[in-house]
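Chains as they are written, first to last, in the working numbering: chain P, 1235 to 1443; chain C, 1235 to 1443.
In short, the hints are calculated from the structure, not lab data. Among the hints, erroneous ones may be present.
Intra- or inter-copy, both count: the list cannot distinguish identical chains.
[Claimed, not checked] In silico DSS-like links for lysine-lysine, alpha-carbon gap of 30 Å or less: (1) LYS1380 / LYS1256; (2) LYS1354 / LYS1256; (3) LYS1417 / LYS1361; (4) LYS1380 / LYS1354; (5) LYS1361 / LYS1236; (6) LYS1256 / LYS1236.
Protein chains: 2
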Amino acid sequence: MKLYDAAWAPSPRRVRIYLAEKGVEVERVMIDLRANEHLGDAYLEINPRGAVPALELDDGEVITESAAICRYFEALHPAPSLFGTSPIEIARIESWTRRVESDGYIAAVYAFRNSIPQLKDRGVAGKWPPIPQIPDLATRGAVMWKAFIEGLNGHLAEQEWIAGDAYTFADITALVTVDFAAKAGLDIHGCGNIGRWLEAASARPSAGA
Amino acid sequence: MKLYDAAWAPSPRRVRIYLAEKGVEVERVMIDLRANEHLGDAYLEINPRGAVPALELDDGEVITESAAICRYFEALHPAPSLFGTSPIEIARIESWTRRVESDGYIAAVYAFRNSIPQLKDRGVAGKWPPIPQIPDLATRGAVMWKAFIEGLNGHLAEQEWIAGDAYTFADITALVTVDFAAKAGLDIHGCGNIGRWLEAASARPSAGA
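Isolated chain P (complex conformation):
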């Protein structure tokens, strides 16, 4: 199989960190997002949505969506589990993963994609009809981010990792989100518990993947 990967972007990094935590090695093909290779004909034949990552299996089937790719590998290599094993662990990890995505990751995407000139008419990631940027949505992203990061900071006062005592897929999701938000110019400082968590998550060898 082959993993279509890209530098810098948060979703491919989510898969890389996951694979590093699992100790799974996969052949990788780098797609150059800055050269818009993900929107070129060759890559659109692999993933018509123009999104990275994508996992091409040996029979030619292509799995898209970073969470789906990680769950595929989780089913192939269940241990160590990053999605939980007991019902309550599974629920906590999924709940926090979803919360980080819908409240935090989306906020960072709003701030990023609606403000930089290079993404004019590409307000949503991937292959779409022209979608104009909306400056007010960048503003909304900043409001959402502030509320999200305050909530996460309070949560991390009570827990070592996002979904409890163990590092899980929810932490991977939060790490790529917080690092991406910082690049998008959002404030991730001034939150003591997040600083403690971020330091611990970033110190794991997988964070450099």
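With chain P fixed as given, assemble chain C onto it according to the hints.
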């Protein structure tokens, strides 16, 4: 345990359809969204995010996020599986669930929440600081919806159900999304394959849950 549920809204319906498909019965408490009961002090003590559904366990722990609640029940009652059992089934179902959410459900939410007067300053669902509506985002939602529904229609030309030969969580997600989009005034007609799929999904007893 107790499921905090609400009429009309798509996320609580996703859980209801899931439970009906599984044949699982749970005590329910109805929250009146039109009376803003989900943003009142009593409910915010249960779910500070002000979102429905929420599942309160007997020990007091509360699970939020509809997908997390469904995965909790899936772990308790694995058969019949709605999230897949083999790695490739799991990957297809998660990938399509995510695609329906990020391209279709979000489009419908953009169109709905940014246009109706009752949701002034509540541009994002749940408990947030005031978030102004953005009319341009309703327009973006309509553009995204059109592209999404065309893509889904093409996909359903080749498959009986969203993720293959069997009805899964991806179909539940798509059913609540398409029905919600129709209520938001988006066009779901003129797409032959979606009509065929929608009729089959809506004919299942679970659709009335």
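Hint check results:
In the homo-oligomer, the alpha carbons of LYS1380 and LYS1256 never lie at most 30 Å apart, since the shortest distance is 32 Å inside one protomer and 39 Å across protomers. In this assembly of identical chains, the alpha carbons of LYS1354 and LYS1256 never lie at most 30 Å apart, being 38 Å within a copy and 46 Å across copies at closest. Both within a single protomer and between protomers do LYS1417 and LYS1361 lie at most 30 Å apart by alpha-carbon distance, with minima of 23 Å and 27 Å respectively. In this assembly of identical chains, the alpha carbons of LYS1380 and LYS1354 lie at most 30 Å apart whether taken from the same copy (25 Å) or from different copies (20 Å).
Taking the shortest Cα distances, LYS1361 and LYS1236 sit within 30 Å of each other inside one copy (21 Å), while across copies they are farther apart (42 Å). Within a single copy, LYS1256 and LYS1236 get their C-alpha atoms as close as 17 Å, which meets the 30 Å cut-off; across copies the closest is 36 Å, which misses it.
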